[in-house]
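So the protein sequences, as listed, match chains F and W. One gets my numbering by counting positions in the first sequence from 1 and adding 40 to each. One gets my numbering by counting positions in the second sequence from 1 and adding 348 to each.
There's no promise every hint is true.
[To be verified] Below, a list of computed lysine-lysine pairs in the DSSO-like style, where the Cα atoms sit at most 30 Å apart:
1) F:219 / W:357
2) F:142 / F:219
3) W:419 / W:611
4) F:142 / W:357
5) W:611 / W:410
In short, the hints are calculated from the structure, not lab data.
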Amino acid sequence: MTEPPGPLDYLHRWPIRAWLLAVVVFLYAPLITLMAFSFNVSKRNIVWRGFTLDWYRAAFQDSDLIAAFGNSLTIAAVSTLVSVALGALTALLLWRFRFPFKAALEGALGLPIVVPEICMGVAMLVFFTQILPWPTTLAWPLNLGAIIISHISFSFSFVAIVIRGRLASFNRELEEAAKDLGAGEWRIFWDVLVPHMRPGLLAGALLAFTLSLDDFVITFFTSGPDTTTFPIKVYSMVRFSVTPEVNAASTLLIVLTVALTAVALRFSGGAAAAIEAGEGL
Amino acid sequence: MDESWRRAKAVFAVLGGPPVLWLVAFFLVPLGVIWGYSFGENRSLTEIAINGTFGNYVHAIKPLYLGIILKSFWFAAVTTALCLVVGFPVAIAITFASEKTKAWLLLLIMLPFWTNLLIRTYALMAVLRDEGYINTILGWGWSGVSRLTALAGHPLGAFQPLPMLHNNFAVVFGLVYVQLPFMVLPLYAALDRLDRSLLEASLDLGAGHLTTFARVVVPLAMPGIVSGVLVTLIPSVGAYLTPDLLGGPSSQMIANVIERQFKTANDWPFGAALSFLLMYMTFVAIAVQAIVTRNRARRAA
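Bound conformation, chain F alone (with noise of 0.2 Å):
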């Protein structure tokens, strides 16, 4: 026996339905197709002529797109690993102190989020060419700095809104009882403070390493020729010809990124960490 469907429970109305099914087949059919024809034997890239693993072996073969992912890779975590400390270091400062002009600096924390992405590009591509001059005979992955850089200033504010929300619910007895039992300072943040973070602080790593390998614009301003990275690979490509090389190395990166958000899920309680993590944009 089901229950008839009560005055507001729209999702078993067959309009909302339907659209609903329509809206994901919009989002997902590019994708998908992408995904299925990288395994089609024909080159055309329309019709299915058969199974075929061969745009992978050339994809694997091909040394620069491996030199561009190996690129990419090693941005994100260096970029990670900086945006989640710098982050995390924020978002304890917002949450713990008062002080003067701390209005104007989660504005201005607010700003790499709002600013578009072609400014910060161009911002980027003057400061590495005029103000800080990047070498560019740098040994790797020395020679990666600028783009590192760039990556980080645009992640660390995403990734302290996510710690910043997660330590909301930070209840503060628990400090107090450290406090009262002889704890001093560092010794609250680390077994007190980093374990309540820890979902956060997954979440936004997550989010800062997606933001990074997602990146092409502001990458695009400051990446040599030395240093292209998967996007920028990929993109040189595609203006050069729509190929199922391309879909082979694009299935691999949707793969990377879908492994990762799965991972990212399980370690830090399910799909509303990463909701959280999306209303915080």
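Dock chain W against the given chain F, drawing on the hints supplied.
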């Protein structure tokens, strides 16, 4: 909760120092330099003199560039309107789903956001181009119909693919595709906080679902609508990749012009002025939101 910074100066410095230094050195200084350049002019190939001129801004509102700025706004406005129309029923469906379904639906809407923007745009190219999926399917349909009419002695001409890529349609389509999740999330967040008994009261008192939607749901969800509109509108106005890859020669937006000033035309001061026009507009949009929110708060109090 709020401890005065004076009570633990060392901790305050340790917590505040690194983020503030980073923000100033690697974010505010670069933006400040661009801002300075927007009041400067090229002296030689490598030298830019910041002499307080407004020439770059005057140059930016000449008809050619003003047209591109207005077109960027038009594209962004159409995109935002479409996202609102497409996203609202989705947000409603998520809001009134059971807890478990809700989490899955949100994940379903969020997941494309986690995939690379470039890859999503590339996926659309494969859908929209002349030899793409839509045109291939239309072509099959066309030849089927043609075969039928040939029986009656009137075969149709050769199939002309619908031009769907490298034009304005493709740009708006691409922007909606990319921005939709950003619209749905704030809408959902606002609807989820809504007092359901108000909706039930409206329905009980004889209003239909559409009347309830227009006269109860929309006014109550207004803060969510405003922030959804902003988080869709601002990135759309400044979009670079979508018009670059999906657009044609006549669908260039501000960001493409800015990029050209910095990478090929080498007119940094003009590019800087255009970037800052985009920034000023962003600030105005945020100020409008702040005012709307404050007015509502005041009315509620």
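Status of each hint after checking the structure:
Annotation: proposed proximity of residue 219 of chain F to residue 357 of chain W holds, straight-line Cα distance about 18 Å (limit 30 Å). Distance check on the hinted pair: residue 142 of chain F and residue 219 of chain F sit about 26 Å apart at the alpha-carbon level, within 30 Å; holds. Between residue 419 of chain W and residue 611 of chain W, the direct Cα distance comes to roughly 22 Å. Compliance with the 30 Å bound is thereby established for this hinted pair. A distance of roughly 15 Å separates the Cα atoms of residue 142 of chain F and residue 357 of chain W; the hinted pair therefore holds under the 30 Å criterion.
Between the alpha carbons of residue 611 of chain W and residue 410 of chain W the distance comes to roughly 21 Å, so the proposed pair stays at or under 30 Å and holds.
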